[in-house]
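Visitor: Chain by chain, the residues run as shown.
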Amino acid sequence: MKNKIELLSPAGSLEKLKFAFLYGADACYIGGKDYSLRANAKNFSLEEIEEAVTYAHNLNKKVYVTVNIIFHDEDTKGLVSYLKTLAKYQVDAIISSDPLVIDIINKNKINLKVHVSTQASTLNSESSKFWKDLGAERIVLARELSKEEIKEIITSSKMEVEVFAHGAMCSSYSGRCTLSNYFTGRDANRGGCAQICRWEFPLFDSRGIEIKSETKFTASAKDLMMLDVLEEIIELGVSSIKIEGRMRSNYYVASVINTYRSAIDDYYDRKLTKARKNKYKKVLDRVANREATVQFWNKLPGVNEQYYLGRNEVSNQDFLAIVTDYDEKDKIVTITERNFFKKGDKVEVFGPNIDTFSFTMPEIYDTDGNVVEAARHPEEILKFKLDKKVYKNDIIRVKIT
Amino acid sequence: MSSLIVVPNKKEELSSILSKDIKGVILGIDKLSIYDVNFTIEEAILLADSTNKEVIIAINKMLHNTDLTLVKEVLEKIKDSKIKKVLFYDLGVYNIAKKINLDKELIISIEHQNASTLSNSFYYNKGVTSAHITSDLTHKEIINIKKNTKMQIYYTAYGYLPIFYSRRKLLTNYFNYIKKSKTDDTYYISNNNLKYMIKEREYGSIIYSPLVNLQNEIDKLVDIDYLIIDLSYCFSTNIIDKFIERAKEENPYIGFFNTKTTYKLKGDDNEK
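As you go down the protein sequences, you meet chains A and B in turn. Numbering-wise (our numbering), the first sequence opens with residue 449 and increments by one. Numbering-wise (our numbering), the second sequence opens with residue 17 and increments by one.
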């Protein structure tokens with residue numbers, strides 16, 4: 449059997465990386481403090497990168513580090529030393545779109561593999577070969593490609609190909625947008641993107657007359673969700689599927705990774721039935737709180753693949769608690785609360801070592817053994833009785849029906 | 017001293033443009049260019065035969081696999097022509113040019129993706145001896161690249177700059193949503209009293225910057241080899257004369273010429 453497709457998770461911090469691995473990621477991509485897009489994310493210090501790599505390798509998993517800004521002259525200071533340090537830490541690959549990074553690696557004989565970032569918007573077989581000739585091992589393809597186009601590139605380039613499977617979409621070809629620069633002075637290609645494509649604007653015709661409508665113009669795209677076509681992606685020969693979102697929460701990462709892990713494993717075990725897929729989709733729909741489609745996979749996206757009424761996001765209150773301990777003798781679960789719940793609520797628990805199951809929340813106690821009416825205080829330590837065994841870092845959420 | 021290169025606004029204006037004191041023209045090639053006015057490769061070759069000015073062809077659309085056959089055909093056709101140079105965006109064009117041993121000067125025009133001395137040096141060492149430098153760099157950054165590389169530098173001194181390029185038909189989708197007819201392929205949005213043009217074509221949608229005009233800055237640009245006057249979506253060719261005469265304009269929009277972008281938030285508390 450061929451190698452299983454890689455499930456690649458975002459990790460905006462060491463804690464998120466550990467969650468991602470715990471919940472089934474094969475690899476994580478992380479950003480350093482410098483040279484990485486998502487300048488607003490916390491990102492990793494060099495010491496944390498070393499710790500992340502050691503942690504991952506002990507689990508036989510991988511860490512890729514983004515070095516994916518478009519460099520201006522002022523940004524290149526210290527880059528050689530940084531890349532050498534990443535190599536010393538045995539980072540599994542870096543993700544980059546500026547060829548100067550590969551050039552530096554080649555000239556300085558730095559032992560680092562390179563994955564070409566989606567920021568390079570690699571769209572065709574010839575540009576894939578350009579990167580291959582340069583020494584890149586993998587291409588993260590542009591999100592604008594159809595199934596057929598991806599297949600042609602895999603066949604002709606004979607490179608590892610990574611595709612985005614889930615998360616937010618740029619409306620522009622990645623790396624070819626400077627709306628943020630012009631509208632806010634924040635450099636989109638150096639990590640400062642202000643997501644202007646999600647803003648709403650009155651639209652004017654050539655005579656300067658506003659198009660009258662309650663709905664303003666926007667370029668905003670719905671999210672990407674490739675669960676529906678997971679089998680096709682695997683059978684196409686894609687090496688890795690990427691989940692977007694280094695700035696997402698632990699809950700988001702755990703839920704999405706756990707769901708794709710289950711779906712991938714089901715596929716290889718020949719158990720990915722329609723019913724299971726529907727169940728997984730419900731989880732993904734619920735956790736993302738934005739509508740999602742397969743976007744360019746089988747057609748040019750039209751009106752139904754865009755948002756016109758704001759981001760349609762509401763704060764997700766599904767994440768109720770995280771398990772910190774389970775006392776097998778007394779069957780007592782200890783949790784840290786995240787969102788409001790009370791006795792009698794229908795909830796479910798999921799985790800890397802259990803099949804997701806639901807239950808009705810029983811009596812809840814504080815650490816002194818007092819009954820509490822409801823869990824109202826985030827980070828509060830609480831306990832309740834549960835006959836079925838759960839594990840540390842399992843997650844309790846609202847029951848998804 | 018910089019030479020002027022012009023992207024024409026209309027085919028009918030071509031001879032008038034070529035009669036001016038300019039070095040040459042950039043012609044977008046049909047189905048492979050994002051310019052407003054495009055030419056068949058045969059038209060471009062004919063023009064190169066009939067003028068002593070430089071004729072540069074532009075292949076600057078985002079290229080998908082279905083475009084590659086045409087790219088190869090175009091590059092094969094110019095092999096024995098007087099077309100001097102090829103301006104390209106997609107790195108696949110470079111690969112094809114090398115494969116067919118195209119002996120023409122290559123101008124990389126990968127916009128925001130080529131923004132440093134080191135990346136320009138990289139492309140130079142790959143045989144790409146000219147670069148159309150991105151307009152989101154400051155004047156100081158551009159001069160630094162010029163001083164520290166052997167690249168011939170092209171820089172847009174006048175024109176609407178593409179600042180967003182989507183494969184989506186954003187105008188069609190919007191008008192479908194609001195259930196109104198799209199009567200044009202050009203609309204506008206605005207921000208801070210500046211207008212941004214949105215164009216929809218068969219290959220997708222492009223949003224353009226306000227009209228950048230660096231005619232007042234021309235003395236600072238003498239070290240830049242070629243200044244591009246991009247007349248796409250402009251009615252008149254008079255601006256060419258203004259550049260030649262070094263005429264001044266009152267408060268033109270100059271983009272990032274003197275303004276650095278920012279991107280980094282300081283400290284560890286960025287994540288909220």
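One or more hints might be untrue.
Think about it this way: if two alpha-carbon atoms lie no more than 30 Å apart in a straight line, the pair counts; the simulated DSBU-like pairs of lysine-lysine are [stated by the list, open to error]:
hint	chain 1	residue 1	chain 2	residue 2
1	B	27	A	606
2	B	196	A	747
3	A	452	A	561
4	A	670	B	166
5	B	211	A	599
6	A	595	B	98
7	A	790	A	747
8	A	727	A	747
9	A	595	B	47
10	A	729	A	452
11	B	196	A	670
12	B	258	A	557
13	B	142	A	561
14	A	747	B	69
15	A	555	B	98
16	A	557	B	114
17	B	98	B	114
18	B	211	A	664
19	B	98	B	27
20	A	606	B	211
21	A	606	A	580
22	A	555	B	196
23	A	580	B	211
24	A	599	B	196
25	B	195	B	166
26	B	211	A	555
27	A	532	B	142
Non-contacting residues of chain B with respect to chain A, defined by C-beta distances greater than 12 Å in every case (computed) [to be verified]:
hint	residue
28	30
29	62
30	119
Label-pair ranges, simulated between beta-carbon atoms [said to hold, decoys possible]:
hint	chain 1	residue 1	chain 2	residue 2	range
31	B	117	A	596	22 to 32 Å
32	B	233	A	647	49 to 59 Å
33	A	750	B	89	28 to 38 Å
34	B	195	A	596	31 to 41 Å
35	B	254	A	647	46 to 56 Å
36	A	533	B	56	51 to 61 Å
37	A	730	B	117	17 to 27 Å
38	B	120	A	723	58 to 68 Å
39	B	26	A	661	43 to 53 Å
40	A	730	B	195	24 to 34 Å
Since the hints were made in silico from the structure, they are not lab data. Values in this document were obtained by computation on a predicted structure and should not be read as measured data. Built from N, CA and C at the ideal position, the CB exists for glycine as well.
Visitor: State for each hint whether it applies.
Guide: Outcome of the hint check:
Only pairs whose Cα atoms come within 30 Å are accepted, and residue 27(B) paired with residue 606(A) is rejected, the gap being roughly 43 Å. Of the supplied pair hints, the one linking residue 196(B) and residue 747(A) holds, its CA atoms being roughly 23 Å apart against a limit of 30 Å. At most 30 Å may separate the alpha-carbon atoms for a hinted pair to count; residue 452(A) and residue 561(A) meet this at roughly 20 Å. Proposed proximity of residue 670(A) and residue 166(B) is contradicted: the alpha carbons are some 44 Å apart, above 30 Å.
Only pairs whose Cα atoms come within 30 Å are accepted, and residue 211(B) paired with residue 599(A) is rejected, the gap being roughly 40 Å. Between residue 595(A) and residue 98(B) the CA atoms are separated by roughly 40 Å; this puts the pair beyond 30 Å, and the hint is violated. Straight-line distance between C-alpha atoms of residue 790(A) and residue 747(A) comes to about 46 Å, which puts the hinted pair past the 30 Å bound. Our distance criterion of 30 Å between C-alpha atoms is met by residue 727(A) and residue 747(A), whose separation comes to about 25 Å.
In summary, the hint linking residue 595(A) to residue 47(B) is supported, as the alpha carbons are separated by about 23 Å, within the 30 Å threshold. For the suggested pair residue 729(A) and residue 452(A), the alpha carbons sit about 21 Å apart, so the restraint of at most 30 Å is met. Between residue 196(B) and residue 670(A), the direct Cα distance comes to roughly 22 Å. Compliance with the 30 Å bound is thereby established for this hinted pair. Under the criterion of a C-alpha separation no larger than 30 Å, the hint pairing residue 258(B) with residue 557(A) is inconsistent with the structure, at around 51 Å.
Taken as a hint, the residue 142(B) and residue 561(A) pair is honoured in the structure, with Cα atoms around 21 Å apart against an allowance of 30 Å. As the CA atoms of residue 747(A) and residue 69(B) are separated by approximately 44 Å, the hinted pair breaks the 30 Å bound. A C-alpha spacing of about 37 Å is found between residue 555(A) and residue 98(B), which places the hinted pair above 30 Å, so the restraint is violated. A threshold of 30 Å between alpha carbons decides the hint, and for residue 557(A) with residue 114(B) the separation of about 26 Å falls inside it, so the pair holds.
Simply put, residue 98(B) and residue 114(B) have alpha-carbon atoms about 19 Å apart, close enough for the 30 Å limit, and the pair holds. With a C-alpha separation of about 16 Å, the suggested pair residue 211(B) and residue 664(A) falls inside the 30 Å cut-off, and the hint holds. Proposed proximity of residue 98(B) and residue 27(B) is supported: the alpha carbons are some 19 Å apart, at most 30 Å. For the proposed pair residue 606(A) and residue 211(B), the alpha carbon gap of about 45 Å is over 30 Å, so the pair is violated.
With a C-alpha separation of about 9 Å, the suggested pairing of residue 606(A) with residue 580(A) holds against the 30 Å cut-off. Note on residue 555(A) and residue 196(B): the hinted pairing is violated, with a Cα-Cα distance of about 57 Å set against a maximum of 30 Å. At roughly 41 Å between alpha-carbon atoms, residue 580(A) and residue 211(B) are farther apart than 30 Å, so this suggested pair is violated. Restraint check for residue 599(A) and residue 196(B): not satisfied, since their Cα atoms lie roughly 37 Å apart, outside the 30 Å limit.
The hinted pair formed by residue 195(B) and residue 166(B) fails the criterion: a straight-line CA distance of about 54 Å is larger than 30 Å. This hinted pair does not check out: residue 211(B) and residue 555(A) have alpha carbons roughly 45 Å apart, beyond 30 Å. A hinted pair counts as satisfied when its Cα atoms are at most 30 Å apart, and residue 532(A) with residue 142(B) qualifies at roughly 24 Å. Every CB of chain A lies more than 12 Å from the CB of residue 30(B), the least distance being 24 Å, so the non-interface label holds.
The beta carbon of residue 62(B) sits about 28 Å from the closest Cβ of chain A, which is more than 12 Å, so the claim that it is off the interface holds. The non-interface label for residue 119(B) is consistent with chain A: the shortest C-beta to C-beta separation is roughly 19 Å, beyond 12 Å. In this structure, residue 117(B) and residue 596(A) meet the distance hint of 22 to 32 Å, their C-beta atoms being roughly 30 Å apart. Checked against the given bound of 49 to 59 Å, the beta carbons of residue 233(B) and residue 647(A), roughly 30 Å apart, lie outside it.
Roughly 31 Å separates the CB atoms of residue 750(A) and residue 89(B), a value that falls within the hinted 28 to 38 Å. For the pair residue 195(B) and residue 596(A), the supplied restraint of 31 to 41 Å holds, since their beta-carbon distance comes to about 32 Å. Checked against the given bound of 46 to 56 Å, the beta carbons of residue 254(B) and residue 647(A), roughly 35 Å apart, lie outside it. At about 53 Å, the beta-carbon gap between residue 533(A) and residue 56(B) stays in the expected band of 51 to 61 Å.
For residue 730(A) paired with residue 117(B), a C-beta distance near 57 Å fails the hint of 17 to 27 Å. At about 59 Å, the CB distance of residue 120(B) to residue 723(A) agrees with the hint of 58 to 68 Å. The hinted range of 43 to 53 Å is not satisfied by residue 26(B) and residue 661(A), whose Cβ atoms lie roughly 33 Å apart. Checking the proposed 24 to 34 Å range against residue 730(A) and residue 195(B) shows it holds: the Cβ atoms sit about 31 Å from each other.
Going down the numbered hints, you'll see the structure goes against 1, 4, 5, 6, 7, 12, 14, 15, 20, 22, 23, 24, 25, 26, 32, 35, 37 and 39, while the others check out.
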